[in-house]
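Participant: Those sequence lines, one after another, are chains L and W.
So in my numbering the end of the first sequence lands on 790, straight run, no missing numbers.
So in my numbering the end of the second sequence lands on 385, straight run, no missing numbers.
Accuracy of the hints is not assured; some may be wrong.
[Unchecked claim] Calculated pairs, DSS-like style, for lysine-lysine (alpha carbon to alpha carbon, straight line, at most 27 angstroms):
1) L:LYS535 <-> L:LYS764
2) W:LYS194 <-> W:LYS300
3) L:LYS473 <-> W:LYS154
4) W:LYS166 <-> L:LYS473
5) L:LYS415 <-> L:LYS764
6) L:LYS622 <-> L:LYS677
7) L:LYS379 <-> L:LYS424
8) W:LYS140 <-> W:LYS154
9) L:LYS415 <-> W:LYS300
Keep in mind that the hints were calculated from the coordinates and are not lab data.
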Amino acid sequence: MASELSRRGFLIQGAALGGSLLLGGGLLSGCQDDKAATGHRASVQSTTPQYGGRLRMGIIDGSKAGDLDAHKPTTASAIIRGFALYSKLWEWSEHMTPDLALAEEVEVNDDATLWTIRLKKDLEFHHGKTITADDLIFSTRRLSDPELASPYLGYVKWIDRDNLVKLDERTVQIPIRGGTGLLSLPDAWVNFGGIVPVDYHPVTNPVGAGPFRLKEFVPGQRSVFTRFENFYKSGQPYLDELEIIDFKDEYARISALLSGQIDMANGVAPEQITALKRHEAIQVITNQTHGFQSIDLNLSLPPFQDDRVRQAFRLMIDRQEVIDRALAGQGRIANDLYAPLDPTFNSAIPQRQYDPEQARSLIKQAGYEGLTVELTVGPGLSAVAGGSPVAQVFAAQAKKIGVNIKVNQVDAATFGGPKRADWQLSCNSKLGGSFLHTAATVDSFLSSANKTHFADERFDALFRQAISTKDLEKRTPLVHEAQQIQHEKGGLIIWSYVNTLDLAAKHVGGLTPERSHFPTWRFDKLWLNQSV
Amino acid sequence: MQNLELKDFSSVTPARISLPAKAGPIALGLAEAAEHTGPPPSHVRKKSIVSANLLKWIVKRTLSSILGLFAISILVFVATQALPSDPARVILGPEASEEAIQTLHHQLGLDQSLAAQYGHWIKPALLGDFGISIDSKMPVVDLIAGKVKNTLILLGLTLLVLIPAAFTLGIYLALHKDALLDRLTISFLIFVKAVPSFAIAYGLVMLLSTLVFNLFPAVSLIQANQPLWSQLQFMVLPMLTLVLSSLPYLVRLIRGSLIEVLQSDFIISAHLRGLDKKQIIWKYAIPNAVIPAIQAIALISSVLLGGALVVEVVFAYPGIGSALNAAVDIRDIPVIQAVVIFLASGVMAINLLADVVTVLLTPKLRTA
Numbered sequence: 259m260a261s262e263l264s265r266r267g268f269l270i271q272g273a274a275l276g277g278s279l280l281l282g283g284g285l286l287s288g289c290q291d292d293k294a295a296t297g298h299r300a301s302v303q304s305t306t307p308q309y310g311g312r313l314r315m316g317i318i319d320g321s322k323a324g325d326l327d328a329h330k331p332t333t334a335s336a337i338i339r340g341f342a343l344y345s346k347l348w349e350w351s352e353h354m355t356p357d358l359a360l361a362e363e364v365e366v367n368d369d370a371t372l373w374t375i376r377l378k379k380d381l382e383f384h385h386g387k388t389i390t391a392d393d394l395i396f397s398t399r400r401l402s403d404p405e406l407a408s409p410y411l412g413y414v415k416w417i418d419r420d421n422l423v424k425l426d427e428r429t430v431q432i433p434i435r436g437g438t439g440l441l442s443l444p445d446a447w448v449n450f451g452g453i454v455p456v457d458y459h460p461v462t463n464p465v466g467a468g469p470f471r472l473k474e475f476v477p478g479q480r481s482v483f484t485r486f487e488n489f490y491k492s493g494q495p496y497l498d499e500l501e502i503i504d505f506k507d508e509y510a511r512i513s514a515l516l517s518g519q520i521d522m523a524n525g526v527a528p529e530q531i532t533a534l535k536r537h538e539a540i541q542v543i544t545n546q547t548h549g550f551q552s553i554d555l556n557l558s559l560p561p562f563q564d565d566r567v568r569q570a571f572r573l574m575i576d577r578q579e580v581i582d583r584a585l586a587g588q589g590r591i592a593n594d595l596y597a598p599l600d601p602t603f604n605s606a607i608p609q610r611q612y613d614p615e616q617a618r619s620l621i622k623q624a625g626y627e628g629l630t631v632e633l634t635v636g637p638g639l640s641a642v643a644g645g646s647p648v649a650q651v652f653a654a655q656a657k658k659i660g661v662n663i664k665v666n667q668v669d670a671a672t673f674g675g676p677k678r679a680d681w682q683l684s685c686n687s688k689l690g691g692s693f694l695h696t697a698a699t700v701d702s703f704l705s706s707a708n709k710t711h712f713a714d715e716r717f718d719a720l721f722r723q724a725i726s727t728k729d730l731e732k733r734t735p736l737v738h739e740a741q742q743i744q745h746e747k748g749g750l751i752i753w754s755y756v757n758t759l760d761l762a763a764k765h766v767g768g769l770t771p772e773r774s775h776f777p778t779w780r781f782d783k784l785w786l787n788q789s790v
Numbered sequence: 018m019q020n021l022e023l024k025d026f027s028s029v030t031p032a033r034i035s036l037p038a039k040a041g042p043i044a045l046g047l048a049e050a051a052e053h054t055g056p057p058p059s060h061v062r063k064k065s066i067v068s069a070n071l072l073k074w075i076v077k078r079t080l081s082s083i084l085g086l087f088a089i090s091i092l093v094f095v096a097t098q099a100l101p102s103d104p105a106r107v108i109l110g111p112e113a114s115e116e117a118i119q120t121l122h123h124q125l126g127l128d129q130s131l132a133a134q135y136g137h138w139i140k141p142a143l144l145g146d147f148g149i150s151i152d153s154k155m156p157v158v159d160l161i162a163g164k165v166k167n168t169l170i171l172l173g174l175t176l177l178v179l180i181p182a183a184f185t186l187g188i189y190l191a192l193h194k195d196a197l198l199d200r201l202t203i204s205f206l207i208f209v210k211a212v213p214s215f216a217i218a219y220g221l222v223m224l225l226s227t228l229v230f231n232l233f234p235a236v237s238l239i240q241a242n243q244p245l246w247s248q249l250q251f252m253v254l255p256m257l258t259l260v261l262s263s264l265p266y267l268v269r270l271i272r273g274s275l276i277e278v279l280q281s282d283f284i285i286s287a288h289l290r291g292l293d294k295k296q297i298i299w300k301y302a303i304p305n306a307v308i309p310a311i312q313a314i315a316l317i318s319s320v321l322l323g324g325a326l327v328v329e330v331v332f333a334y335p336g337i338g339s340a341l342n343a344a345v346d347i348r349d350i351p352v353i354q355a356v357v358i359f360l361a362s363g364v365m366a367i368n369l370l371a372d373v374v375t376v377l378l379t380p381k382l383r384t385a
């Protein structure tokens, strides 16, 4: 059961903090991914949205109940609720790139040290107040306040919060310090950058400009929202009410869906899907995201200080087998690199192939025959997820070439606790994101919990330069070289990009497969077909 | 996962107040009957002495319970510090920067001494203010009040079904010992007992709400703002699960103790004196057999109070067990403290009640 928790946990709970990483690379490039969103459309139904009804969505979010804070959502459920309550300057496109939302126009200077943002006209908050530059400044200052003690501080602390300039009633200038101009905006804001009024309070006055206003919030149990008539997309949302229900158990959530107690469930564990695919009343949405699963080698500890052992570990994993057995086939082989949807991604690097013989001989050369290592996995109830099926399958593969992997299962608190960066070998997963943002959390010098301890001077220099280069043409070669270095010397075994699976009753409209993680979170787009 | 299982009752002997069946009310009753011709005992005077003694005893027990609560609150507080990681790290997640973690540490007062932290907690707690949840920023009392209510109602409904069912079945089987029905039922009960309670729960869901019949909702999505009596349909499956998982123990206990009583000397002598068979069973045998069952019911209630986690998970039932589990998981100390205090007081109250009932049913103890 513990392993089941971690499996299912990965997809959904992974959003908790990983959510902060969500970003596409392409705001500045205007990138549009040409790979079509895949997955099968489960049903052909009326495509004209209907108004009315209450949509009930079931989520699973581990032990944390979370709150309603727009700028500090510490759980996946809080981020999901945030998508209902708050609108941001940007929103995710189907390709996981940030599109303008409340912002009408965004100008950036060449080294991305100064951002000028203009709000759309006549925007309104839930309580009727017009959204002005003052609210934008208030929101920016609040989300970057060190006293907020936000887990996302790492991204937003570069905002020069004392020098924001109000140019006019709708326009604000935001300076960025530290040469990290492409980090703080906009990708980071899409998940936790809700624009809120100056009289905002997360508990007593949780007001935003999202498609729904709050009606009731019972932490860890349910939250109910009602339609916001003056939402900035006219004519939307379609639903009268939205209800988000917290579950602790996947089976309970699916039973609720089958018995009609909920209409929709996001990020369902793949092994649950097989039986449901044939179910007439259920549509399955398969999203080929660029979220990834990895095994992180701690390069600061033996035996991974030895380059040959590091290489051997990357060669001894049979990626397809792990996908088939641990992800029920719902993943695509990855090449130890993240951010494949980023326009700067280096797709010229050849895929690393499974080569147990080479791995065995590298281990032998390094003098580590009969090696035993400890692989630590969390239960996936918090931001990062391990998943012991992954650990078990990998351990079995390692055994074949004479490496013993001892699986150490710990609880989420321990996994992310003070020893978080000290595990010798650990499982990890991340939601899809741009190269710069993922690097900022995972294995660059900006990361506050670099599990791999990867440190390379040339990589750092390239990363530092890329993060302040607005021009895509100029940035691409920098990232290409940085990824080449990661591929050769990095400590991540990124073995799969994962598909996320969403389930909904047939009467839920507006759901289509995306390259993003969250078609089910587009509450302004979803509707109920009451004639079904 | 092991904590999702209901406790195994069978290894626990309920007879904390040991009562030799031979010396129960019947023996005294018979003695009374024998002394029928003697001077009438002064019931009134005797009774008042009894209740004064009993009252004194109850007050003493209550006071020691309150002291116990203090001890428990300190113990739990210290135990939370011994867990790896701390609330700030858990809330902020594994990727938060050290500066954010330190800021939150300070805001939560986690950088103060243990004694100071306990002091900050206990002062308002004495006045009924258990602080703010670290996780959801809501007052702890508001957060758990609804869950306490749900748990108590589920417990009440379970006992309401469990006790009559167990007594009827236990007495019937004892009176028909070794008959075919007795043997079959006992085998069946042993089978039910061997099935883990989560399997019972899933079985009931499949049978009564998804696959076979569609009688009851699969999950208990109780609305906090509506009266519970209008939502009783949500209670059926969790209640049935708890009844089924507690029933085998209680039935076998009642059956066993009644069989034992029926074979004891004073029942045999009652038969020899020519008393009516029905009268022997109902007036003398059963009241004596009930006493171990009372302690067993107290034990079941104590466990269900905090340990009905399995139904809370399977049916998404919003009770106190999963609230505690989640709070421990994320080190939400104010919630842990409040729930533990509630559970400890509940267990103490249940035990006190059970002991009082036992004493009242046992003249020997009553008059001691």
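Participant: Which numbered hints are broken by the structure, listed smallest first?
Facilitator: Hints 5, 6, 9 are the ones this structure does not satisfy, whereas the remaining hints hold.
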